[in-house]
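Asks: Chain residues, written in single-letter form:
Protein chains: 2
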Amino acid sequence: MHVVVPFAATDPKTRLESVLSPTERSAFARAMLADVLSAIVEAGQKPTVVSTAPIDPAELDLPTHVLEAVSVAVDDRPLTDAVNARLPSGEHSDHGDEGPSEAVAVVMADLALAATDALEDLFATETAVAIAPGRGGGTNALVVRDPAFRVDYHGASYLDHREIAEEVGASLETVDSLRLGTDIDEPDDLVEVLVHGDERARAPETLRDLGFELERRDGRVGVVRCEPADRDR
Amino acid sequence: MHVVVPFAATDPKTRLESVLSPTERSAFARAMLADVLSAIVEAGQKPTVVSTAPIDPAELDLPTHVLEAVSVAVDDRPLTDAVNARLPSGEHSDHGDEGPSEAVAVVMADLALAATDALEDLFATETAVAIAPGRGGGTNALVVRDPAFRVDYHGASYLDHREIAEEVGASLETVDSLRLGTDIDEPDDLVEVLVHGDERARAPETLRDLGFELERRDGRVGVVRCEPADRDR
Numbered sequence: 011m012h013v014v015v016p017f018a019a020t021d022p023k024t025r026l027e028s029v030l031s032p033t034e035r036s037a038f039a040r041a042m043l044a045d046v047l048s049a050i051v052e053a054g055q056k057p058t059v060v061s062t063a064p065i066d067p068a069e070l071d072l073p074t075h076v077l078e079a080v081s082v083a084v085d086d087r088p089l090t091d092a093v094n095a096r097l098p099s100g101e102h103s104d105h106g107d108e109g110p111s112e113a114v115a116v117v118m119a120d121l122a123l124a125a126t127d128a129l130e131d132l133f134a135t136e137t138a139v140a141i142a143p144g145r146g147g148g149t150n151a152l153v154v155r156d157p158a159f160r161v162d163y164h165g166a167s168y169l170d171h172r173e174i175a176e177e178v179g180a181s182l183e184t185v186d187s188l189r190l191g192t193d194i195d196e197p198d199d200l201v202e203v204l205v206h207g208d209e210r211a212r213a214p215e216t217l218r219d220l221g222f223e224l225e226r227r228d229g230r231v232g233v234v235r236c237e238p239a240d241r242d243r
Numbered sequence: 011m012h013v014v015v016p017f018a019a020t021d022p023k024t025r026l027e028s029v030l031s032p033t034e035r036s037a038f039a040r041a042m043l044a045d046v047l048s049a050i051v052e053a054g055q056k057p058t059v060v061s062t063a064p065i066d067p068a069e070l071d072l073p074t075h076v077l078e079a080v081s082v083a084v085d086d087r088p089l090t091d092a093v094n095a096r097l098p099s100g101e102h103s104d105h106g107d108e109g110p111s112e113a114v115a116v117v118m119a120d121l122a123l124a125a126t127d128a129l130e131d132l133f134a135t136e137t138a139v140a141i142a143p144g145r146g147g148g149t150n151a152l153v154v155r156d157p158a159f160r161v162d163y164h165g166a167s168y169l170d171h172r173e174i175a176e177e178v179g180a181s182l183e184t185v186d187s188l189r190l191g192t193d194i195d196e197p198d199d200l201v202e203v204l205v206h207g208d209e210r211a212r213a214p215e216t217l218r219d220l221g222f223e224l225e226r227r228d229g230r231v232g233v234v235r236c237e238p239a240d241r242d243r
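Those protein sequence lines, which keep their order, are chains A and B. In the working numbering, each number is its position in the first sequence, counted from 1, plus 10. In the working numbering, each number is its position in the second sequence, counted from 1, plus 10.
Just chain A, with the same shape it has in the complex:
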């Protein structure tokens, strides 16, 4: 299986701009990417980061065995085009000996809670298409085994992907995982990183280093930033 992790290297996570400076957003996005790559490698796969601009994986502070398994491809096209080029029978789909029909998994770089168990379940699906949906109809991770299937990430992609699978006659399974279903886009999502993040993971460590901690409010828990510190915005 070929595993692709699309990554927006420039000005990432703009919906977090109310709580993080540009430099902080960049650091946090890279910390989430590092956690996602580690989980994929622990699940037995060798991920390719498809980045909108050159990045140096050595700067992601990955464990050596993870760093050795990661490669980077630069592709500045929109997400949908960059992914479709790498699906089975896409223009960049020749993944060596296994040929153009090797299964391709696409895992978003902001799945800060992505756990090895959940990824193994996703990778072990046997349908032509398998999707781990996110909130709001998003497609957080998927596996494609049918060369006729193409992605369309614009709008309610989970529903669109179900329709596309039906159109091309591809069997589809939905993978039920809160960890894969939690993409970190907005300030409220930071709670999930601090509640569920692994002790050793980079993303919660990055948030804690920036002064974020859990605040127990009435009913639910929120985040509060305790050290104003120097902000560059």
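It is worth saying that the hints were derived from the structure and are not from the lab. Any given hint could turn out to be false.
Said to hold, decoys possible - A few chain B residues that face chain A, going by a derived Cβ cut-off under 10 Å, partial list only: (1) G144; (2) G147; (3) V185; (4) P197; (5) G221; (6) L224; (7) G232.
Only a predicted model underlies this, so the values are computations on that prediction, with no experimental measurement involved. In this text, a Cβ means the ideal position worked out from N, Cα and C, and glycines have one as well.
Mind docking chain B on chain A? Use the hints.
Replies: Then chain B, alone, in the frame of chain A:
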């Protein structure tokens, strides 16, 4: 296993008051309860609704085999107290022949996406405590097999329950399910009911009857209410 479904029968789902009238909120809460009860019965269990006020299950429009498996107990105490009374060794924990130490599951009534598969996975856990967390540190469903464990639903209950389990030396498993992790509290949550709700389920049908439908916005999908209709608020 004894399965408890706490239900706030009076003025439920107040955080939906910006989009639903009191009568509509009551109807929608009962539709979600019906879906949760059906999923529990399909998972092989006989649920007890622990309701803050008397309700008639016959009015929930349940399939006959589900209705026959459901019982109702009225308990107007706060959620934490009403649940603790029904945990193993609690005051209401005598579940007949199986004795006071029978495992007890607690499944919230607003898990509109609760699927039989996910509940079966939860019920099949073997740890002293198993929790399916929700967003924001909530405890959406749990199984308790240790008489020393007590719930505390106030605040960040998932973190509190982890701490309580550790304090009493109870083994704990977290169940990773987006379906069990999605409680329907706020207007934005209605999207999930319409995106993932089963065709035959009552909650999405109720929303559609009230004029709600998916609206594909940029990036994510939202809900829009198309028929203002008669509103009683």
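Asks: Run every hint past the structure and note whether it holds.
Replies: The hints, checked one at a time:
1. G144: 8 Å, holds
2. G147: Holds, because the Cβ-Cβ distance from B/G147 to chain A comes to roughly 4 Å (cut-off 10 Å).
3. V185: 9 Å, holds
4. P197: 12 Å, violated
5. G221: Constraint on B/G221 not satisfied, violated at 19 Å.
6. L224: Where the cut-off is 10 Å and the nearest Cβ of chain A is about 7 Å from B/L224, the hint holds.
7. G232: OK, holds: B/G232 within 10 Å of chain A, min 8 Å.
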